[in-house]
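Full structure from sequences and hints, please.
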Amino acid sequence: MSKHLHPLSAIVINESGVLARISGMFARRGFNIDSLAVGETEDPRYSRMTIMVRGDDRVLEQVVKQLGRMVDVIKINDLAKDPHVEREVALIKVHAPPSERSEIIELVNIFRAKIVDVGKKRLMIEISGKGDKVDAIIDMLKPYGIVELARTGRIILARGQKTTSVMDRQAEKVLV
Amino acid sequence: MSTKVEPTSHKRSVNKRSGAQAVIEALKAEGANLLFGVTGGAIMPIYDALYKDSDLRHIMVGHEQGGAHMAEGYARVTGEPGVILTTSGPGATNLVTGLADAIMDSTPLIAITGQVATSLIGNDAFQEADVRGITMPVTKHNYLVQNSDHLPQIFAEGFHISRSGRPGPVLIDIPKDLQVQQTSAIRPKEIELEGYKPPYEGHPKQIRKALEVIQNCERPVILAGGGVLHAEASQELMDFAEALNIPVVSTLMGLGNFPIDHPLSLGMPGMHGTGYAILSLYHCDAMICVGTRLDDRITGKLDEFCPWAKLIHIDIDASEIGKNVPAMVPIVGHAKPVLKDLIKSVGSWESRPDWTEWHNQVNGWRKEYPLGYKEKENQILPQQVIEEVDSLLDDDAIITTGVGQHQMWTAQYYTFRKPRTWLTSGGLGTMGYGFPAALGAKLAKPEAPVVCIDGDGSFIMNMQELVTAVRYRIPVVCVILNNLFLGMVRQWQHLFFEDRFAETTLMPPAFDQVAIACGGLGKRVERPEELNQAIKWALKEAEEKRLPVVLNVMTDCEECVYPMVPAGGANVNFIPGPEGKK
Ligand SMILES: Cc1ncc(C[n+]2csc(CCOP(=O)(O)OP(=O)(O)O)c2C)c(N)n1
Ligand SMILES: [Mg+2]
Chain A
0 MSKHLHPLSA
10 IVINESGVLA
20 RISGMFARRG
30 FNIDSLAVGE
40 TEDPRYSRMT
50 IMVRGDDRVL
60 EQVVKQLGRM
70 VDVIKINDLA
80 KDPHVEREVA
90 LIKVHAPPSE
100 RSEIIELVNI
110 FRAKIVDVGK
120 KRLMIEISGK
130 GDKVDAIIDM
140 LKPYGIVELA
150 RTGRIILARG
160 QKTTSVMDRQ
170 AEKVLV
Chain B
0 MSTKVEPTSH
10 KRSVNKRSGA
20 QAVIEALKAE
30 GANLLFGVTG
40 GAIMPIYDAL
50 YKDSDLRHIM
60 VGHEQGGAHM
70 AEGYARVTGE
80 PGVILTTSGP
90 GATNLVTGLA
100 DAIMDSTPLI
110 AITGQVATSL
120 IGNDAFQEAD
130 VRGITMPVTK
140 HNYLVQNSDH
150 LPQIFAEGFH
160 ISRSGRPGPV
170 LIDIPKDLQV
180 QQTSAIRPKE
190 IELEGYKPPY
200 EGHPKQIRKA
210 LEVIQNCERP
220 VILAGGGVLH
230 AEASQELMDF
240 AEALNIPVVS
250 TLMGLGNFPI
260 DHPLSLGMPG
270 MHGTGYAILS
280 LYHCDAMICV
290 GTRLDDRITG
300 KLDEFCPWAK
310 LIHIDIDASE
320 IGKNVPAMVP
330 IVGHAKPVLK
340 DLIKSVGSWE
350 SRPDWTEWHN
360 QVNGWRKEYP
370 LGYKEKENQI
380 LPQQVIEEVD
390 SLLDDDAIIT
400 TGVGQHQMWT
410 AQYYTFRKPR
420 TWLTSGGLGT
430 MGYGFPAALG
440 AKLAKPEAPV
450 VCIDGDGSFI
460 MNMQELVTAV
470 RYRIPVVCVI
480 LNNLFLGMVR
490 QWQHLFFEDR
500 FAETTLMPPA
510 FDQVAIACGG
520 LGKRVERPEE
530 LNQAIKWALK
540 EAEEKRLPVV
550 LNVMTDCEEC
560 VYPMVPAGGA
570 NVNFIPGPEG
580 KK
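Read top to bottom, the protein sequences are chains A and B.
For the first sequence, the residue numbers in numbering that gives the first Met the number 0 are 0 to 175.
For the second sequence, the residue numbers in numbering that gives the first Met the number 0 are 0 to 581.
Hints were generated in silico from the structure; no laboratory data involved.
Misleading hints may appear alongside valid ones.
[Said to hold, decoys possible] From the structure, some residues in chain B lie toward chain A, with a derived Cβ separation under 7 Å: (1) P136; (2) H140; (3) G194; (4) Y195; (5) A317.
[Stated by the list, open to error] Just so you have them, the derived chain B footprint on chain A, three or more residues with Cβ under 8 Å: (6) 54-62; (7) 66-73; (8) 102-108.
No residue lacks a Cβ here, since even glycine has one placed at the ideal position from N, Cα and C.
Put into structure tokens, the structure is as follows:
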């Protein structure tokens, strides 16, 4: 059994209180999550929640089932085995005196990140990519002194024909 | 599953009426005709609407927790959601124990709580509490109503969610201004919830797999829980067990599903289960679990619960399957159709497996480890009280309990033979459940005798409801096994804490006198020879005078509940207890 990170994508009712209900369930049952990102879907009545769950297969099965029994949860997909696109965005404010600026800009270019704000002593960098890419640039920037950092948490969509939207009736709510 | 909801019969419903009236209308449409509750500022408009409408009966209770347990008692006897109303803040927080109790034992409940006006929410207004937030983990679902136009829809949904699938408590929090606000919204014709579709039939492939396991096993056991009761599948359980001749273990919550004196019955499993149930589950090679959570009180140490068993697990809640014990054949479905499908297939088998050897072994354990206790002279033993009550009641009588030794003895020594005659707090273990639950049960089924077998400690926790019982003339009998102790904790202190009786001695009041002071009837019973007459008197007097009767029965505090599996230990290492009667 693996202690993998599992990307779960859940379609939930877009209403106040739903996030509290779901995050409360995770906390109460002692499930470990690395990140949770929520936003409206193509249909404003629903939100998509992308949850990175850490645990072995049994834990994952329980997480899916516990989500499945919630009235506000319409659908859950475990995208680990499907080809998918994963993205996370981070904004990083880094200490950048003129002497180190060109080095930092070089790093930004290597990572295909962007500089979105320039100050006298600081730069703000925007990076988008897979979680490990974001981790990597943060690591590289640490020595210069990261002043502030904001990350969105990961979002994921399946590639190609497969969809995980509400309209797709193939995916089941409970995977048993 | 979508539920057809009859359109409301009120022609005037297209006209505007207050949110409070819409609530009353919704309750009637759901067939709820008995409510429990306590009023208060934030729910006054609903009580005012009730006042103007005499069709609904309301029971004013002493404490909201008591009201919640009454609603639970009502629900467990009828199978329909019990309804409880409270005000905001403390009224609602007093419900939390009842809701937690209901979700653990899958009891359908509708809690309607008043909330401060929408303009005040979030301002720490007088008697404001985040009831939706507080009760999220203890409800199947809950609502904070945002607009009175939503009320008919929310009530129809709430009742549907509460009573369908795996039943449970649903809370509806209604701000005071919305109770007054006018609305012309009417009840939806049909309830279709995208995220809630309880399963019904089991998957045919899984049923085939289950049959294969059964056909090829040598030592089968059925473990049936409270889910069988909610599914009204006792008959199917019986048909299935008898068709195959498989012994049946009934969990605490499952007592009453299968007659405990049936030749195939092995009684209760787990911490205070029978030795023969424990050994049968330990040695079996196929375990057919129906509607049970397999919680820690049943399994004991997990690896040594059923090391050789292939587990077939039937449950309507997929999350229960594989949660505690891995299942070889999971069947997600309603117990009734699943058992029916199994029975049908078994009917077409050419021959039935021969399990004579297994039955001989099981019956050997029965003889080796009979349930029993040592009689003591001039002392009333708690087990004898249960046997005495049992001998004086027929199968339709309803028994409730508190939590502790008296609860376990009742589970062990009372001959439960019918579903919905046994009301106890299993999952949460709520002391104080028994007496109010008995009141709710009696109101639900006035023709049945209702006896609460309580502990002195448990009774104290909700004895204010004596006032309710007298006020509404609810004739229940409460037999208190008064050992002057928090007996179950004392037992653990005796066995595992070298007799250091930390804070377990009670100085209970004369319960019989308390009952009399409240306007009920009471009697103190001290000598064994008084017992039979006293119980007869109580049963008769309650019905004749239409009053609650409390029997304050003084019992021996040193008596311990056996068999016993020490917490966390392996079930097979149970302490059998003294050899003796029975
Ligand atoms: C509300 C609540 N508080 C505490 C406990 C812990 N507890 C379990 S059994 C028990 C003693 C019960 O005493 P009593 O009702 O007199 O029953 P007895 O065991 O003596 O028969 C206690 C304190 C509980 N189950 N519920
Ligand atoms: Mg006691």
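Against the structure, the hints come out as follows:
With a cut of 7 Å, the hint placing P136 of chain B at the interface with chain A holds, because the nearest CB-to-CB distance is about 5 Å. A distance limit of 7 Å between C-beta atoms decides the matter here; for H140 of chain B the minimum to chain A is near 5 Å, and the interface restraint holds. Interface restraint check: G194 of chain B against chain A, minimum CB-CB distance 5 Å, threshold 7 Å, status holds. Because the closest C-beta pair between Y195 of chain B and chain A is about 5 Å apart, less than 7 Å, the hint holds.
The beta carbon of A317 of chain B comes within 5 Å of a beta carbon in chain A, closer than 7 Å, and the hint placing it at the interface holds. Counting residues of the segment 54-62 of chain A whose beta carbon lies closer than 8 Å to any beta carbon of chain B gives 3, which reaches the threshold of three, so the coverage claim holds. Check result for the segment 66-73 of chain A against chain B: holds, 7 residues qualifying (beta carbon to beta carbon below 8 Å, three or more required). Here the segment 102-108 of chain A counts 0 residues with a CB under 8 Å from a CB of chain B, which misses the bar of 3, and the coverage is violated.
Checked against the numbered hints above, the structure violates only hint 8.
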